[in-house]
Amino acid sequence: MEAATVAGRRLTRATLSAHAAMVWALVSRAGNEIVRVPGAAIPGVLAPTIFFLGLTAVFGNLTDLSGFPTDEYQSFIIAVSLLQGAGFTGAATGVNLARDIEQGWFDRLLVSPAPRSVLLSGLVLSASVRSLVPATLLLTIGFALGVDWPGVGGLLLALLLVMGMGTAAACWGVTLALHFKTQGAAPLMQAGMFVLILTTTAYAPLDRLTGWLQDVAEYNPLTQVVEAIRQGFVGDSLTWSETWPGVVVMIGLVALLGAFALRNMRRTSY
Amino acid sequence: MSLASLRANLRVIGALGARSVRQTFRRPQLMAPILVFPTLLLAIQTGGAGSAVDLPEFPEVNGFLDFMLAGAMIQSTLLAGNSGGIAFAVDIEMGFTDRLFAAPISRFAIVLGRLAGTFVLGIVAAVWFLAIGLIFGATVEGGVGGALLVIVLVGLSAVAFGGLGSAIALRAGKASVVQGLFPLVFVILFLSSAFFPANLMLEPASSVAEYNPLSFIVEGVRDVIVFSLSLEGLAEALGAIALIGAFSVGLTAVALRHRLRTGG
Chain A
1 MEAATVAGRR LTRATLSAHA AMVWALVSRA GNEIVRVPGA AIPGVLAPTI
51 FFLGLTAVFG NLTDLSGFPT DEYQSFIIAV SLLQGAGFTG AATGVNLARD
101 IEQGWFDRLL VSPAPRSVLL SGLVLSASVR SLVPATLLLT IGFALGVDWP
151 GVGGLLLALL LVMGMGTAAA CWGVTLALHF KTQGAAPLMQ AGMFVLILTT
201 TAYAPLDRLT GWLQDVAEYN PLTQVVEAIR QGFVGDSLTW SETWPGVVVM
251 IGLVALLGAF ALRNMRRTSY
Chain B
1 MSLASLRANL RVIGALGARS VRQTFRRPQL MAPILVFPTL LLAIQTGGAG
51 SAVDLPEFPE VNGFLDFMLA GAMIQSTLLA GNSGGIAFAV DIEMGFTDRL
101 FAAPISRFAI VLGRLAGTFV LGIVAAVWFL AIGLIFGATV EGGVGGALLV
151 IVLVGLSAVA FGGLGSAIAL RAGKASVVQG LFPLVFVILF LSSAFFPANL
201 MLEPASSVAE YNPLSFIVEG VRDVIVFSLS LEGLAEALGA IALIGAFSVG
251 LTAVALRHRL RTGG
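Sequence order for the protein chains is A and B.
Take the first sequence: its letters are residues 1 to 270, numbered as in the numbering used here.
Take the second sequence: its letters are residues 1 to 264, numbered as in the numbering used here.
Hints may contain errors.
Below, computed lysine to any residue pairings styled on SDA-like, alpha-carbon distance capped at 25 angstroms [as the list claims (entries may be wrong)]:
1) K181(A) - G180(B)
2) K181(A) - A175(B)
3) K181(A) - A32(B)
4) K174(B) - L188(A)
5) K181(A) - L35(B)
6) K174(B) - I34(A)
7) K174(B) - L132(A)
8) K181(A) - V127(B)
9) K174(B) - L125(A)
10) K174(B) - Q103(A)
11) K174(B) - V35(A)
12) K181(A) - M31(B)
13) K181(A) - R11(B)
14) K181(A) - R108(A)
15) K174(B) - N32(A)
16) K181(A) - M94(B)
17) K181(A) - E93(B)
18) K181(A) - R22(B)
19) K181(A) - F25(B)
20) K174(B) - F96(B)
21) K174(B) - I101(A)
22) K181(A) - L125(A)
23) K181(A) - V185(B)
24) K181(A) - G233(B)
25) K181(A) - I105(B)
Which chain B residues face chain A? A few, computed with CB under 8 angstroms, are given here [as the list claims (entries may be wrong)]:
26) P104
27) F196
28) L200
For the record, the hints were derived by calculation from the structure and aren't laboratory data.
Beta carbons are placed, not taken as given, at the ideal position from N, Cα and C, and that holds for glycine.
Generate the whole structure from the sequences, applying the supplied hints.
What follows is the structure in structure tokens.
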């Protein structure tokens, strides 16, 4: 009995170790892609940066209106740009998976003894880490252009939520990639995140939004995430009341989209 | 050029144009940037920055949607030009264009065929955004004639931008290179008055927007929608389209000659 338990524990450890190695291999492969095919990563990094600079230049004077919590639009918009970067990066994971499916590479993973949950973990974890690449560039440019320093706590909270967004977007992309099995679904992967992120208080505070967007932003749960990230950049300090709703929403979003991705992953046969 | 030869070339342009339009409607990755993304951005920016009309120096408009329509249309034509370039590059990669080059037809007819398709897509975009605008409460101050003028201006803009996409496709011969220019479209847009009055933008974007040819096209289209037909605005828009068009033709000619001489 004791030997069996010991053997069982050994087996569990060995399995866990194998799973961890598989996850690490998938994360490393995604990392290699950045180094070996930098062109593929450029749009995901460039697009949110261009939007950040462009929106600041175009709508910068909106802060002259009453209701804005800051005089600097770049400090207001940076939260949305960070989430956009993570959203694009996560969606790119879905596009890459669709490419792997088209080329037959993913079939080889499916016939491996690794559980589907481990394959999914490797994919989304890589997106989570990769989402720090556009975030780093955006923050560097942002601080150079006068974005207010959010404090160490504010920065860590922002990065944590950005990684969460990258994970959620990757789950969304993986779900669609496994459903459509073609890179042609890429616009849907990107548009889904685009709409989710921008139908929040992205451009202006809730009271300054107009028409349908005000109603949608009020009920869009991601508004809480935007506000949680934004508080550090536009306010004096972090508050628990503005932090916890964003964290809860992000956990819920990852759980929900992760469940969809895992369901599709388990239904996929080679 | 004889009449028969002209007729043959026009048939080629018509056939390739129709193929180009069908190709775009069949591939979501080509269609999405032309209609879906600009429509989403129009909806979100109108709701998100709509209170900008309260800024003291903002021009008198019926609504922010009226102001934004021209920008959405021109954004769509820029992306149509880019999508056309991507599709053209795919044809080059697949060897389809080489087969056309070997056929006894004018080489420029091959490019014009692609541009004819882009012109149709530009018109589709103009009609789409006018319809959306009218459904959601915008008005075209220029009336029916003004709306027709908007459609023609947007269609011609699509041809001018499509020429740039074709030139790059011919020179690079790779869809990924043309696709990589996608973010550049937004740089050009943000540095124009497509989304906001140039005088209310921050520097240096404001100064760049004053002289960006794209601003003249947007303002020409916007004048017809927001104010009324202005001959000065129309002349400036047509001048800017002609300038970009001439530049496109020059670039295309050079790229075409290079491809025919070197084969790549």
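Consistency of the hints with the structure:
1. A threshold of 25 angstroms between alpha carbons decides the hint, and for K181(A) with G180(B) the separation of about 23 angstroms falls inside it, so the pair holds.
2. For the given pair, K181(A) sits about 21 angstroms from A175(B) by alpha-carbon distance, which is consistent with the 25 angstroms threshold.
3. This hinted pair checks out: K181(A) and A32(B) have alpha carbons roughly 18 angstroms apart, not beyond 25 angstroms.
4. The hinted pair formed by K174(B) and L188(A) meets the criterion: a straight-line CA distance of about 24 angstroms does not exceed 25 angstroms.
5. The hinted pair formed by K181(A) and L35(B) meets the criterion: a straight-line CA distance of about 24 angstroms does not exceed 25 angstroms.
6. Only pairs whose Cα atoms come within 25 angstroms are accepted, and K174(B) paired with I34(A) is accepted, the gap being roughly 20 angstroms.
7. Our distance criterion of 25 angstroms between C-alpha atoms is broken by K174(B) and L132(A), whose separation comes to about 30 angstroms.
8. At most 25 angstroms may separate the alpha-carbon atoms for a hinted pair to count; K181(A) and V127(B) exceed this at roughly 33 angstroms.
9. Taking the CA atoms of K174(B) and L125(A), the gap is near 32 angstroms; set against the 25 angstroms cutoff, the hint is violated.
10. Of the pairs offered as hints, the one joining K174(B) and Q103(A) holds, with about 20 angstroms between alpha carbons and a cut-off of 25 angstroms not exceeded.
11. About 21 angstroms separates the Cα atoms of K174(B) and V35(A), which keeps this hinted pair within 25 angstroms; it holds.
12. A C-alpha spacing of about 19 angstroms is found between K181(A) and M31(B), which places the hinted pair at or below 25 angstroms, so the restraint holds.
13. A C-alpha spacing of about 38 angstroms is found between K181(A) and R11(B), which places the hinted pair above 25 angstroms, so the restraint is violated.
14. Distance hint between K181(A) and R108(A) is fulfilled; the C-alpha atoms sit about 15 angstroms from each other, no more than 25 angstroms.
15. For the suggested pair K174(B) and N32(A), the alpha carbons sit about 23 angstroms apart, so the restraint of at most 25 angstroms is met.
16. For the hint pairing K181(A) with M94(B), the CA-to-CA distance comes to about 22 angstroms; that is within 25 angstroms, so the pair holds.
17. About 23 angstroms separates the Cα atoms of K181(A) and E93(B), which keeps this hinted pair within 25 angstroms; it holds.
18. With a CA separation close to 23 angstroms, the supplied pair K181(A) and R22(B) stays within the 25 angstroms bound.
19. At roughly 20 angstroms between alpha-carbon atoms, K181(A) and F25(B) fall within 25 angstroms of each other, so this suggested pair holds.
20. For a cut-off of 25 angstroms, the pair hint linking K174(B) to F96(B) stands: about 13 angstroms separates their Cα positions.
21. At roughly 23 angstroms between alpha-carbon atoms, K174(B) and I101(A) fall within 25 angstroms of each other, so this suggested pair holds.
22. For a cut-off of 25 angstroms, the pair hint linking K181(A) to L125(A) stands: about 21 angstroms separates their Cα positions.
23. Between K181(A) and V185(B), the direct Cα distance comes to roughly 29 angstroms. Violation of the 25 angstroms bound is thereby established for this hinted pair.
24. Between K181(A) and G233(B) the CA atoms are separated by roughly 48 angstroms; this puts the pair beyond 25 angstroms, and the hint is violated.
25. Restraint check for K181(A) and I105(B): the C-alpha separation of about 39 angstroms exceeds 25 angstroms, so the hint is violated.
26. For P104(B), the suggested interface contact is broken, since its CB lies about 35 angstroms from the closest CB of chain A, more than 8 angstroms.
27. Interface restraint check for F196(B): the shortest CB-CB distance to chain A comes to about 5 angstroms, inside 8 angstroms, so the restraint holds.
28. A least Cβ separation of about 5 angstroms between L200(B) and chain A falls short of the 8 angstroms threshold, and the interface hint therefore holds.
Of the hints listed earlier, those the structure fails to meet are numbers 7, 8, 9, 13, 23, 24, 25, 26, in rising order.
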